[in-house]
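One letter stands for each residue in the lines below.
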Amino acid sequence: MLRTLAVTQNGKLLENISLQNLTGPDIKWFWVDFDCPSPDEVELLDSYFHFHPLAIEDCMHLLQRPKIDHYDETHFFVIHSLHPETLKAEEIDFFLGPRGIVTFHLAPSLEIEEVWKQFQEAAIYQEKDHNYVAYSLLDKLVDTYFPILYRIEDELNELESEGEVNVDIQSMTEQVYDIRAELLRLRRTVIPTRDLLYRILSSDKIPGVKEQHAYFADIHDHLLKLTEMIESNREMTADLRDSYDSLRSNRMNAIMKTLTVITTIFMPLTFIAGIYGMNFEYMPELHTHWGYYGVMGVMLAVGFGMYFWFKRKGWFD
Amino acid sequence: MLRTLAVTQNGKLLENISLQNLTGPDIKWFWVDFDCPSPDEVELLDSYFHFHPLAIEDCMHLLQRPKIDHYDETHFFVIHSLHPETLKAEEIDFFLGPRGIVTFHLAPSLEIEEVWKQFQEAAIYQEKDHNYVAYSLLDKLVDTYFPILYRIEDELNELESEGEVNVDIQSMTEQVYDIRAELLRLRRTVIPTRDLLYRILSSDKIPGVKEQHAYFADIHDHLLKLTEMIESNREMTADLRDSYDSLRSNRMNAIMKTLTVITTIFMPLTFIAGIYGMNFEYMPELHTHWGYYGVMGVMLAVGFGMYFWFKRKGWFD
Amino acid sequence: MLRTLAVTQNGKLLENISLQNLTGPDIKWFWVDFDCPSPDEVELLDSYFHFHPLAIEDCMHLLQRPKIDHYDETHFFVIHSLHPETLKAEEIDFFLGPRGIVTFHLAPSLEIEEVWKQFQEAAIYQEKDHNYVAYSLLDKLVDTYFPILYRIEDELNELESEGEVNVDIQSMTEQVYDIRAELLRLRRTVIPTRDLLYRILSSDKIPGVKEQHAYFADIHDHLLKLTEMIESNREMTADLRDSYDSLRSNRMNAIMKTLTVITTIFMPLTFIAGIYGMNFEYMPELHTHWGYYGVMGVMLAVGFGMYFWFKRKGWFD
Amino acid sequence: MLRTLAVTQNGKLLENISLQNLTGPDIKWFWVDFDCPSPDEVELLDSYFHFHPLAIEDCMHLLQRPKIDHYDETHFFVIHSLHPETLKAEEIDFFLGPRGIVTFHLAPSLEIEEVWKQFQEAAIYQEKDHNYVAYSLLDKLVDTYFPILYRIEDELNELESEGEVNVDIQSMTEQVYDIRAELLRLRRTVIPTRDLLYRILSSDKIPGVKEQHAYFADIHDHLLKLTEMIESNREMTADLRDSYDSLRSNRMNAIMKTLTVITTIFMPLTFIAGIYGMNFEYMPELHTHWGYYGVMGVMLAVGFGMYFWFKRKGWFD
Amino acid sequence: MLRTLAVTQNGKLLENISLQNLTGPDIKWFWVDFDCPSPDEVELLDSYFHFHPLAIEDCMHLLQRPKIDHYDETHFFVIHSLHPETLKAEEIDFFLGPRGIVTFHLAPSLEIEEVWKQFQEAAIYQEKDHNYVAYSLLDKLVDTYFPILYRIEDELNELESEGEVNVDIQSMTEQVYDIRAELLRLRRTVIPTRDLLYRILSSDKIPGVKEQHAYFADIHDHLLKLTEMIESNREMTADLRDSYDSLRSNRMNAIMKTLTVITTIFMPLTFIAGIYGMNFEYMPELHTHWGYYGVMGVMLAVGFGMYFWFKRKGWFD
Ligand SMILES: [Mg+2]
Ligand SMILES: [Mg+2]
Ligand SMILES: [Mg+2]
Ligand SMILES: [Mg+2]
Ligand SMILES: [Mg+2]
Ligand SMILES: [Mg+2]
Ligand SMILES: [Mg+2]
Ligand SMILES: [Mg+2]
Ligand SMILES: [Mg+2]
Ligand SMILES: [Mg+2]
Ligand SMILES: [Mg+2]
Ligand SMILES: [Mg+2]
Ligand SMILES: [Mg+2]
Ligand SMILES: [Mg+2]
Ligand SMILES: [Mg+2]
Ligand SMILES: [Mg+2]
Ligand SMILES: [Mg+2]
Ligand SMILES: [Mg+2]
Ligand SMILES: [Mg+2]
Ligand SMILES: [Mg+2]
Ligand SMILES: [Mg+2]
Ligand SMILES: [Mg+2]
Ligand SMILES: [Mg+2]
Ligand SMILES: [Mg+2]
Ligand SMILES: [Mg+2]
Ligand SMILES: [Mg+2]
Ligand SMILES: [Mg+2]
Ligand SMILES: [Mg+2]
Ligand SMILES: [Mg+2]
Ligand SMILES: [Mg+2]
Ligand SMILES: [Mg+2]
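Listed in order, the protein sequences are those of chains A, B, C, D and E. Just so you know, we're using my numbering here: the first sequence kicks off at 1 and counts up by one. Just so you know, we're using my numbering here: the second sequence kicks off at 318 and counts up by one. Just so you know, we're using my numbering here: the third sequence kicks off at 635 and counts up by one. Just so you know, we're using my numbering here: the fourth sequence kicks off at 952 and counts up by one. Just so you know, we're using my numbering here: the fifth sequence kicks off at 1269 and counts up by one.
Hint data in this document are derived by calculation from the structure and do not stem from the laboratory. Positions of the beta carbon are idealized from the N, C-alpha and C atoms, including for glycine. It cannot be assumed that every hint is accurate.
Said to hold, decoys possible - Here are the computed distance ranges between Cβ atoms for each label pair:
(1) Lys1161/D to Tyr1418/E: 23 to 29 Å
(2) Ala1569/E to Gly303/A: 31 to 37 Å
(3) Asp521/B to Ser989/D: 54 to 60 Å
(4) Gln752/C to Ser1439/E: 54 to 60 Å
(5) Thr922/C to Gly303/A: 22 to 28 Å
(6) Glu1186/D to Lys945/C: 26 to 32 Å
(7) His1481/E to Gln752/C: 33 to 39 Å
(8) Ser805/C to Met613/B: 49 to 55 Å
(9) Thr922/C to Tyr307/A: 51 to 57 Å
(10) Pro1059/D to His387/B: 49 to 55 Å
(11) Pro1035/D to Glu1358/E: 25 to 31 Å
Stated by the list, open to error - Straight-line C-alpha distance at most 16 Å; calculated EDC-like pairs for lysine to aspartate or glutamate:
(12) Lys1525/E to Glu691/C
(13) Lys1478/E to Asp706/C
(14) Lys345/B to Asp446/B
(15) Lys628/B to Asp1119/D
(16) Lys210/A to Asp559/B
(17) Lys1176/D to Asp1294/E
(18) Lys859/C to Asp168/A
(19) Lys1018/D to Asp538/B
(20) Lys311/A to Asp538/B
(21) Lys542/B to Glu1179/D
(22) Lys945/C to Asp168/A
(23) Lys542/B to Asp1146/D
(24) Lys384/B to Asp168/A
(25) Lys722/C to Asp706/C
(26) Lys574/B to Glu1179/D
(27) Lys1581/E to Asp706/C
(28) Lys1335/E to Glu1179/D
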């Protein structure tokens, strides 16, 4: 689908006018949205708008990393829209020219929908222009990254605050690795976007930026905070993972202590019982009255001796 | 609550005068403090002071990272006040303009209270101005980070100096991970604040900095030291964590040695006893007089043999 | 083998003309390909083309890292062609001069073959020149790196999505280390190539780059994406490796639990049976009617007692 | 204690003259040393020399990191003197002005003592000036860092060269962690000092540096070498620590093999003996003549069978 | 020993002329080699050549890191010659001045010998000068680093390609750590040398570099490749080390499985045999004809039951 929005020199809004009417002298600025376009519509990028073939290639190809390319007067942006649950990235591209903006996306985009509606209000379309459309899209998209990171931080805090007794470490470990993978995926979008904003701010090629410097700096600021949160959370997951390793190793020690205590107490006792279970004809102890009780006493002594030896070594703490 | 402090051209201090009187030609400089302001008072940031909407948004939003934004003649600062125990960060914002300073905080702030009192003394309010208020706040806040780090270093030194015999490694490991988490939290405040000071020092946008360069450089210096201490302590905790892993693994070796020694000594003995416990009719040894004593001798020999073999292999060291 | 391709001032294509005819005033530009050259042909680099001895040395020596060297008007490029399966790198060199390009490779190259054919079409050889040959070779070669990385990512995703029950961790671990080694090898080609493109873009020495800046920037962009994918996948393999370590350690805990439970239940029971297997004459219990049943009851109680104790400690979860 | 040294325009040395005489036109340059000064003497920094309050604060406060601060014509240096055994840092501060140098230290300093004596020789005090005092102090102090690092390297080499048989890994591990902690402490002094020298070399604020550039570059060079040695030794300790982990884990494998071999050989044998120890009335084997010898043969076969099975699996290598 | 080589304005070679004759107007350029000089000869650095005392100090002191220092018209180089087996570094220093070069080494140097011979041929000494001596020495020395790294890579590849069955992991682990230590030592020479070349290339202080830029760039290129190979091999050894840890841990699992299977099968069986080895008078089973066979059947069932339970759990895979 392809839709247009144009604002005339005297501040009137024209919707869905044909592409041919966009370039008239009466048009102050325009916005064309390629919303899941058909192959025929895609053709227009080249045949009508004459965008650079490399930029058109980037629109159609698999997922690009967020970036900005400068082609003479037209600036080509690639941004990511992230699915809040799966973190799957969808590409949103736009061409920012001197007279208007052309957005392009192969999947429906909620963020574009919102900005489109916003620009149907007179207060907005009369005061702002296509440069502000670009800002609004960037701002909206970056704003959607925060809830994702907040959800991840919540999951992480929950993991951290769980008591360490009787927990299923293996399932917690897997959660930690899931979170690490999500942070990695998030970083692959956030870091190039941060660099993109930095390049917007430090370049003087894009005309709309100068007047709206504070606005773009605000997005850059958000991206700095996102980067720091991602790195900091990566380090927290590393610590969590290591602490689970320690806990696991501690439990192993406890298991081995149990095994060793039991073995060390009962092996000598069983051996003693084995001695008096031998069938030698001449074993004087067997024929005494006190033999059985004596051996039982010795066994008790050996058993408790072992027990107190372990106790003194601190194995039961 | 909203309170004001203004100094006239001839060095008189006016307290709690209304906002309307702040801009008169008689006022040399002023300080307005938004101390846990009501929604109506917050409105004044926009309606009376006409601060930039993005800066006002940052005041009201959740915790921002420490930063400085430049809006024409007004400079907007975000700084963190850290709770000494929980390390929870509270945001303190201020707007530094050519004629005065406006501070804003949603929670009560001890540091602002202190500076406020300090500026009620003639010696101060006559010689210094609103730029020095900004310096004093930054200095006070950064000074509060040191006791936190010193406490962490003390905890760490205590952990390090504890003997390694009979200690509860698991609880010490958990303490190490707590300290690591605290250092991480501290770093999220200190590093952006350090960058903020660096930007203050290397920019020439803020008029008060030039005359007080040494003062701001002193704060920057403190932040450099804090950063180094944090990084160095992070590395120390990593070493401590690894040394506990080694210790744990060492103890496991000791446990397994105990188990193996006991098993290796008693299993063959029990087996020998088992042989002479069999009920075969024709077992010549059973009927000899020396049989029992001979077997006991063999057992003793096997037992001590094993013992000395382990001793020679150094398992009892 | 040595082959030539030349385009005259009036747009005619000459193929396989002799080297002597390449420098005539009628020749607009030329391309000479040293395809697995004989030692005699290699001589021509020096005797006919007078290339710098260091560049010729680099052609003949073992594998060089991707790089660009500037010798007066001639620019010397070293690029890698990677075998899609073994990732073995073959070197492709070219000399880009003001009047033509000379390519050199000691192994047959599919990419050069393709570009050679492409330049036999009038539409191409009339519009483009030897600078575009250089671009096309770089573009083709870098494009071949993607399928390799996509295959690695697929292998990695397969590993990640495999269930964690009953898998052979050791073979999966080895796969992870194989992938890590492949990523390392890939990085040794991609990173110097990325730096090479960066130097092409930021230098003004190479005449063809300015007009085709967008084209070279597109290759640089591909290399940035490759770098990020490699680093990100390296981190994923590190996480995978660590998670296998955790899994392995978890299984060890399960094995030890089994051992300990069995030992702890049966050792005391065997000991009790051993007591009543002793041959003392005076053991009153042996002569009672209920003795056998009583001992069996005690054994059942001890066995189940141990079992429930472990159950309560959560060892069977 | 406070002592002075002044050189007159005609090259005469005046010692311990009063502060008031230092500023006369006859004095070419002077050196004042605050050696463990009394509170009254400390006052002079402010009342007589009028140094900047922030610099004076740094003198009195706890340990500062090595740094240089510029206050108009006076340059304030903080350097560390390290205790060769404990690596405890003592602060040595100096103020380098256009007419002289003022050194300040709260603990006695051997290095200052040495330089003081050196400057009592005519050959030195006539040719050199207070800038060379500054250089000499920096040089002396940095020279004292080398023996410390050489000692650490010796300890490390000794650890590395020790055979790996029968060593007490736990005590060696602890030595490695001690060395790591020392390197960390050393780095906290060396790195800021290196940065300080770099700033001296690349700044043109300090008048004496230009003429003595080679001298200051030599100290910087020493600090670069120290930094590299520290980092390289840190990596060596990391490798040593990891190799001890491997060794420990290897020993655990050996212990477990011993345990498993013994258990696997004797458990089945003890079981067989147990079978023929049962008291069933109808066990035909018990009543044959060859029964006992047959069972002993079976036991021998089982035992040796197990033994050779382990041997073939390579457990005894 | 001290030897000289001088070339006259009309291209004649003078060997072993005295130092006094080196500075005559007839001499175009000269080379003086201090080959394991005696203390008297060392004196000449100062008394005859008047080199800077700091440079002379560096010649005599213990091993310096590779570096370049500029003293007016003389440039002082420190380079390392590495022993191919032990990787022990020997220092080779040279002073490059406007009229000649002075080399200095306390140990005999094969590389200097080679270059010396090379410059005795007319073709060389007539066309090239002392600047080319400097280049040749650098080139020769850096070329000797490659065989060392190739040998290390070969050792590493051999380790990698060894099958993972029945190998002695501990000895392989030690080999890996030896290789890591060698790479570390190599890096301590290569990285400062790379920086030194970079400084030569980017500085315009050294007169000979401009004309021979391509030659020095070629050495820099070699050093870049060496650096990359070292880093890449360090990462490979890290992976190898980790994979041995995994393998070791896997073997431990296999050992523990063997132990647990044996224990779990035989403990219950031994217990059953123990029950019927008790000497109670009233144990009805003992007196039945089928008792013995029944118990043997139960034992078989228990044994095989355990066996198949482990089989189903996949412990025998
Ligand atoms: Mg696309
Ligand atoms: Mg936003
Ligand atoms: Mg916003
Ligand atoms: Mg998973
Ligand atoms: Mg999730
Ligand atoms: Mg904001
Ligand atoms: Mg806020
Ligand atoms: Mg302060
Ligand atoms: Mg202070
Ligand atoms: Mg705490
Ligand atoms: Mg200070
Ligand atoms: Mg570890
Ligand atoms: Mg080659
Ligand atoms: Mg391409
Ligand atoms: Mg392409
Ligand atoms: Mg392999
Ligand atoms: Mg593969
Ligand atoms: Mg592209
Ligand atoms: Mg690990
Ligand atoms: Mg101090
Ligand atoms: Mg020195
Ligand atoms: Mg010296
Ligand atoms: Mg210790
Ligand atoms: Mg020590
Ligand atoms: Mg030196
Ligand atoms: Mg030397
Ligand atoms: Mg070479
Ligand atoms: Mg060469
Ligand atoms: Mg070794
Ligand atoms: Mg070796
Ligand atoms: Mg080369």
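Each hint tested on the structure:
1. Lys1161/D to Tyr1418/E: 23 to 29 Å: 47 Å Cβ-Cβ, so the 23 to 29 Å window is violated.
2. Ala1569/E to Gly303/A: 31 to 37 Å: 33 Å, holds
3. Asp521/B to Ser989/D: 54 to 60 Å: At roughly 43 Å between Cβ atoms, Ser989/D and Asp521/B fall outside 54 to 60 Å, so the hint is violated.
4. Gln752/C to Ser1439/E: 54 to 60 Å: 55 Å, holds
5. Thr922/C to Gly303/A: 22 to 28 Å: 25 Å, holds
6. Glu1186/D to Lys945/C: 26 to 32 Å: 49 Å, violated
7. His1481/E to Gln752/C: 33 to 39 Å: Given about 36 Å between the Cβ atoms, the range holds.
8. Ser805/C to Met613/B: 49 to 55 Å: At 52 Å between Cβs, range holds.
9. Thr922/C to Tyr307/A: 51 to 57 Å: 30 Å Cβ-Cβ, so the 51 to 57 Å window is violated.
10. Pro1059/D to His387/B: 49 to 55 Å: 50 Å, holds
11. Pro1035/D to Glu1358/E: 25 to 31 Å: 29 Å, holds
12. Lys1525/E to Glu691/C: It is violated: about 59 Å lies between the C-alpha atoms, which goes past 16 Å.
13. Lys1478/E to Asp706/C: 13 Å, holds
14. Lys345/B to Asp446/B: Given that 16 Å is the threshold and the Cα spacing comes to 9 Å, the pair holds.
15. Lys628/B to Asp1119/D: 15 Å, holds
16. Lys210/A to Asp559/B: It is violated: about 52 Å lies between the C-alpha atoms, which goes past 16 Å.
17. Lys1176/D to Asp1294/E: 42 Å, violated
18. Lys859/C to Asp168/A: 39 Å, violated
19. Lys1018/D to Asp538/B: Satisfied, since the Cα-Cα distance of roughly 9 Å is no more than 16 Å.
20. Lys311/A to Asp538/B: 54 Å, violated
21. Lys542/B to Glu1179/D: 22 Å, violated
22. Lys945/C to Asp168/A: 15 Å, holds
23. Lys542/B to Asp1146/D: 13 Å, holds
24. Lys384/B to Asp168/A: 42 Å, violated
25. Lys722/C to Asp706/C: 32 Å, violated
26. Lys574/B to Glu1179/D: 42 Å, violated
27. Lys1581/E to Asp706/C: Given that 16 Å is the threshold and the Cα spacing comes to 72 Å, the pair is violated.
28. Lys1335/E to Glu1179/D: 13 Å, holds
Figure legend: structure checked against the earlier numbered hints; hints not met, in rising order: 1, 3, 6, 9, 12, 16, 17, 18, 20, 21, 24, 25, 26 and 27.
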